[in-house]
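Peer 1: Below are the chains, spelled out letter by letter.
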Amino acid sequence: MRKFLALVLIAALGAVLIAAVVNLPEPGTTDSPVHTHVSAGYIKGGHEAGGADNLVTAVLLNYRAIDTFGEVTVIFTALIAVLAATSLAGPTERSGTQNIDLKTTRVPVSPVVSFVVRLMAPFIATFALFVMLKGHELPGGGFQGGVVLGAMLILLALFSGRTDKTDDEELPPGLRNWIRAAGPLVFGALGLTGLVFSGWLFSLPDHPFWREMVMIGLELGIGIGGAAVLVGLFRALREG
Amino acid sequence: MSAAAHGLALVVLVPIVGGALIPALFRRFPTAAWGFALASSALTLAISISLIRRLLAEGPFSYAAGGWPPPYGVALHFDRFGAAIAVFSMITLLVLIFSRRYIPAVVPIARIPLYYALVMINLGGMNGFLVTGDLFNLFVFMEVFSVSAYALVAMARGPQAGLAAIKYLLLGAVSSLLVLFAIGLIFAQTGTLNMADAAGRLDAAASIVPTALALGALTIGFMVKAALFPLHVWLPDAHASAPAPVSALLSAVVVKAGVIGIIRTLQTFSDHGSLQLMPLQSLLIWLGAIAVLWGAVAALVQSDLKRLLAYSTVTNIGYIFIGLGIGSATAASGAAVHIINHAVIKAALFLAAGALIHQSGLRHIDDLRGLGERMPLSALALGVALLAVAGVPPTAGFVGKWQIGLGALETGRPLLMGVVIVGGLLVLTYGVRIINTLFFRPPLHVRVVTSREAPPSMLAAILLLAASSFLLGLAGKPMLDFVAPAILPLTDTG
Amino acid sequence: MSVSDLFDLLILALLITCVLGIARVRDLATAVTLFAIYSFVLCLLWAHRGAPDVAMTEAAVGAGITAVLFFTAIAKIGRREK
Amino acid sequence: MPIELHDLRPVLAPLISALCAGGVFVMGTSGRWRAIWSLAAAGLKFVIVWSMLPGTLAGSVYIFRVGEILPGLSIAFRVDAFGLFYALVTATLWVLTTVYALAYMKGSHALKRFFGFFALCISTTVAIAFAENLFTLFLFYELLTVCTYPLVIHDQDAEARRAGRKYLAYTLCGGAVILAGMLLVFHSAGTLSLAEGGILGDVDDHRVLLLIFLTLVGGFGVKAAIMPLHAWLPAAMVAPTPVSALLHAVAVVKAGAFGVVRVLYDVFGVNLLKSLGFATWLGYLAGFTIIAGSIMALRQNRLKARLAWSTISQLSYILLAASLLTPAAALAAIIHLANQAFTKITMFFVAGAIEHNTGKTHIDQLDGIGYRMPWTMAAFTIAGLSFMGVPLLAGFITKWYLSLGALAADSGGFVALMALSGLLNAAYWLPIIYRAYFRETGIPQLREETPWMLLAPIGICAGYVILLGTGAQAPLMPFSLAESAVRLAFGLEGGIP
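The listed protein sequences derive, respectively, from chains Z, U, B and W. Going by the working numbering, the first sequence opens with residue 1, and the numbers climb by one from there. Going by the working numbering, the second sequence opens with residue 1, and the numbers climb by one from there. Going by the working numbering, the third sequence opens with residue 1, and the numbers climb by one from there. Going by the working numbering, the fourth sequence opens with residue 1, and the numbers climb by one from there.
In short, the hints are calculated from the structure, not lab data.
Think about it this way: if two alpha-carbon atoms lie no more than 25 Å apart in a straight line, the pair counts; the simulated SDA-like pairs of lysine to any residue are:
1. K106(W) x M27(W)
2. K167(U) x V25(B)
3. K3(Z) x A23(B)
So the derived label-pair ranges between C-beta atoms look like this:
4. R65(W) x A57(U): 24 to 32 Å
5. H364(U) x G72(W): 41 to 49 Å
6. V297(U) x T29(W): 37 to 45 Å
Even for Gly, the Cβ is constructed at its ideal location relative to N, Cα and C.
With the hints as extra help, turn the sequences into a complete structure.
Peer 2: Given below as structure tokens:
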């Protein structure tokens with residue numbers, strides 16, 4: 001009965017959603033409002049005023065920097081949330097056979113996998129950095145690069161054969177906390193420098209060179225901060 | 001460009017960056033995080049006051065973040081609803097003061113910085129939500145304060161808090177998704193995310209179906225955040241099991257974001273020529289009326305003090321929505337003022353209750369018998385706030401109820417006036433019950449006899465809030481005058 | 001119907017299959033695997049529709065990190081749905 | 001038109017008691033400070049209220065506006081003849097009750113709370129008397145409920161709590177109903193200011209008027225204990241005697257009656273009510289309450305319970321008189337505020353003194369008490385005779401004017417009702433007096449008079465009952481004040497016809 005109700009509900013909801021989407025302007029047609037209004041302005045002025053060949057990046061870091069600031073804050077907050085929620089219970093003793101404590105009883109890692117992972121890690125890291133640094137010209141950017149970097153670090157932690165530590169534990173804990181907050185903090189810095197140099201909070205400098213530098217700085221902040229957050233999430237889940 | 005306009009971005013930037021700094025700065029000295037959080041929220045408060053001064057001098061104003069003119073950049077916009085940030089910052093400040101002695105007792109010492117970081121980020125998200133003039137930005141900051149709110153609920157001890165936080169998280173995520181979906185629909189039809197711009201361009205949209213659906217999705221999404229009946233189910237659990245200062249913050253401030261979200265929605269859609277808001281408004285009235293009665297009745301049967309207070313939030317949200325739904329100048333301004341007044345009252349209630357529970361270690365109402373004798377000031381503050389939440393004149397709760405009742409009469413709904421009054425009476429019933437228990441019954445529990453009055457940091461926050469929840473009632477007229485220009489766009493449709 | 005359209009249809013069919021699978025399986029690990037596949041297929045769709053930035057994010061977040069975090073969580077709570 | 005004078009005294013009078021309450025709450029742990037604060041404030045207030053008498057008699061009205069808290073809702077005080085009359089009764093009796101309470105309550109628990117809220121009650125009562133508009137009236141009316149509650153449940157045992165619950169349930173519901181009525185009035189008239197001749201003249205919707213009448217009169221009727229809204233009053237008997245005196249003679253029930261009269265004369269206005277005809281029904285209900293209350297009183301054996309039921313009956317005199325809408329009856333209504341207050345408070349003081357002295361609470365224990373406490377019982381006799389309507393005592397004046405008013409309103413039936421009520425009063429007061437003086441107990445009765453702190457207030461009240469009955473027309477007696485109140489309400493020039 002409940003299943004049936006759920007089905008009916010979902011069908012009704014789906015019908016409504018489809019009705020809405022069907023009535024939207026046809027995607028891809030050049031005269032739909034999406035393309036003629038604000039986006040047209042971005043396309044026209046994005047390279048010059050937006051300061052990035054990749055218009056997505058121009059929108060993210062320049063036109064709508066405050067949105068991105070909010071987004072990195074959400075990511076950072078998610079880590080804080082997980083830390084706050086999991087560690088309160090403390091390291092819990094668990095019973096039962098199906099629960100695997102990753103810290104003590106680990107699935108043995110095949111040496112081949114371990115070797116391949118270690119071999120690939122530098123290349124993955126390089127790719128991540130490339131995505132971050134070139135994000136204003138090519139597809140990609142801080143978010144994507146950060147996720148790749150974070151995935152690489154988690155991969156290492158899982159398969160490198162070491163059982164006790166994730167890589168970021170190699171860092172002093174104080175520094176780790178700073179890196180995790182890198183995303184919101186670089187945007188905070190941007191907000192203030194923008195005010196000092198061009199009179200608006202969250203504005204990028206006018207000079208092309210400095211603008212590019214600032215963008216790279218932001219991408220690195222987002223990326224490295226994001227990677228640290230992801231590793232932190234993984235760690236908190238594993239230990240919590 | 002006067003300096004005050006930068007404040008519009010700074011009220012967001014300062015608390016969030018402050019919050020992000022806390023875990024890094026205070027890893028070694030967790031308890032010192034308190035002072036830093038206090039300072040940054042005080043700074044935020046000062047900035048928001050300067051914003052209000054400019055608002056009074058020049059009227060509503062905008063700030064183009066990054067210097068990009070709307071609709072290309074994100075426009076922050078400050079109007080008289082946005083002025084609520086001053087009150088919310090003030091409440092956050094007081095909650096922080098209260099937390100000084102409370103939080104170390106419930107949170108492991110190493111995690112204290114996390115708590116303060118979350119509170120500050122929550123404040124930043126709230127401020128961003130209130131001052132933004134951009135739909136997507138609205139969503140982003142909604143996520144900022146929502147995620148921090150989920151986490152704050154989860155900070156309490158015990159499995160109950162965890163479950164409550166999960167429940168809150170699930171419903172919150174669905175509501176966020178609905179809002180995001182609606183924003184997508186609006187963007188697809190108008191090509192813009194700027195609220196004012198979108199409002200002007202919606203009329204030209206090819207089809208009315210997606211517009212109506214966007215309106216519906218926004219309404220439902222914000223209804224969950226505002227905990228309007230019947231989407232309030234997450235609230236009693238979350239607000240009852242969270243640590244007291246968090247409950248105060250959530251009930252006083254965070255649910256109001258949903259209300260303001262609905263106000264923004266109504267403002268955006270009120271220009272629409274062919275879309276009638278009338279059915280939506282009568283729906284809000286009905287749901288509000290049921291919420292008033294249901295919340296009050298449910299609160300009556302609670303034995304847990306904080307759970308009872310949580311249900312009183314359901315009631316008061318109902319009042320606000322009745323006022324918004326009626327939509328006449330009288331009722332809408334009453335609802336707008338009640339947003340603020342209820343924030344103050346509810347913060348007073350939860351903090352006072354938190355102090356009583358904290359000092360005695362008991363949370364069931366019956367166990368608290370005679371505690372008024374041992375903790376006279378906290379109990380007195382709770383009593384005053386209870387009378388205020390019931391709307392006894394001339395307390396702060398009366399203003400909204402009077403205006404809403406009057407609005408119901410003006411629009412020819414005498415029964416609705418009856419609901420407003422009966423709701424107040426029911427609230428008064430349990431208010432009296434608690435006052436009775438605290439002051440006029442002999443102690444039942446040995447821990448009551450050994451309890452001591454709350455420490456000064458807690459008392460300061462409680463007494464200030466309780467006094468405000470009385471005094472704001474006397475300031476009803478200036479407050480109504482203040483919101484009057486802001487509710488005009490709402491009343492045009494009503 | 002062009003090849004491009006056919007590709008779209010194929011991807012949509014795959015997506016629906018994955019989603020139904022996620023809803024039906026009782027084994028959490030399988031569900032997460034299916035979820036990763038879903039993300040990856042979606043990533044293809046984004047790439048095909050000309051949104052490389054979104055596609056990259058989807059691949060890394062949806063198929064990569066999310067799956068790892070889910071697996072970590074499953075390791076804690078057991079893999080069977082109760 | 002009266003001359004309006006802006007003056008601080010209308011707000012000072014309630015403020016003094018509030019200050020006193022503050023003083024008691026802060027320093028009241030010491031009995032001496034409690035007494036000093038209470039007596040000083042009572043005396044000061046007495047002086048302030050009396051000082052306004054000559055001006056009011058000369059036709060001026062004192063006004064003080066505190067401020068507007070909501071659009072159209074202001075807190076403002078205005079001393080007109082009727083309000084001052086009520087305030088005079090309150091201020092006078094507060095002095096007496098304070099003296100009595102200081103002696104009576106000695107050694108009880110939670111005295112700080114008791115005297116603090118006691119003072120607050122008086123503060124709110126005077127504020128009710130001086131309220132310029134319905135909102136201010138309502139505000140302090142509700143505050144009065146809140147302030148009397150701790151007094152009702154002073155003993156904190158199960159019975160007191162039950163009584164307190166009942167009291168709150170009735171009065172708070174009444175308050176909510178008044179709030180509804182107030183919203184209706186404000187919505188239809190646009191103002192809440194009390195004004196001679198009423199403010200509802202422009203409203204033509206008969207149903208709205210009926211609704212306003214039902215809500216306002218019903219709401220205030222709760223405290224005025226009109227049947228069937230009376231049940232809280234006998235239950236509230238558990239309170240200490242000074243509280244019962246305060247509840248039944250001065251503050252609470254009179255606030256209700258005062259409110260009803262205000263509604264009838266200053267919200268509706270005599271002319272509008274005459275054309276509507278609602279008041280007739282109120283009159284019938286009040287008449288019924290007079291008789292039914294008396295019959296219930298007859299059946300009580302506990303002295304305080306008999307007093308309580310008698311209060312229900314006596315209060316309806318005021319409502320009946322006010323509902324007749326003739327000047328003479330209105331005069332009766334206003335004077336009866338004072339007459340009933342002084343007479344009933346005498347009786348309560350006596351009941352308290354008997355209980356305090358001998359521990360006796362029931363009527364069948366009172367054989368021969370007149371020999372043990374002759375002065376006390378003499379006062380009681382005077383009060384009883386007054387209620388019966390014996391000429392030269394206060395109660396007679398009420399009955400006389402009420403009958404005149406009833407005849408003027410062509411409701412001769414109410415004259416017979418007066419007579420019947422007098423008989424019933426005789427039926428339940430005379431047995432007590434008979435027992436006190438003429439029943440032999442067999443044991444020789446030792447003279448054991450009440451302590452002077454209790455006796456003095458009793459004597460003064462009893463003396464005043466005589467004074468009200470004999471010298472009412474003397475200058476500076478409240479009678480002339482009542483006359484000018486009636487003149488204002490009916491828009492009359494010269495004397496009362």
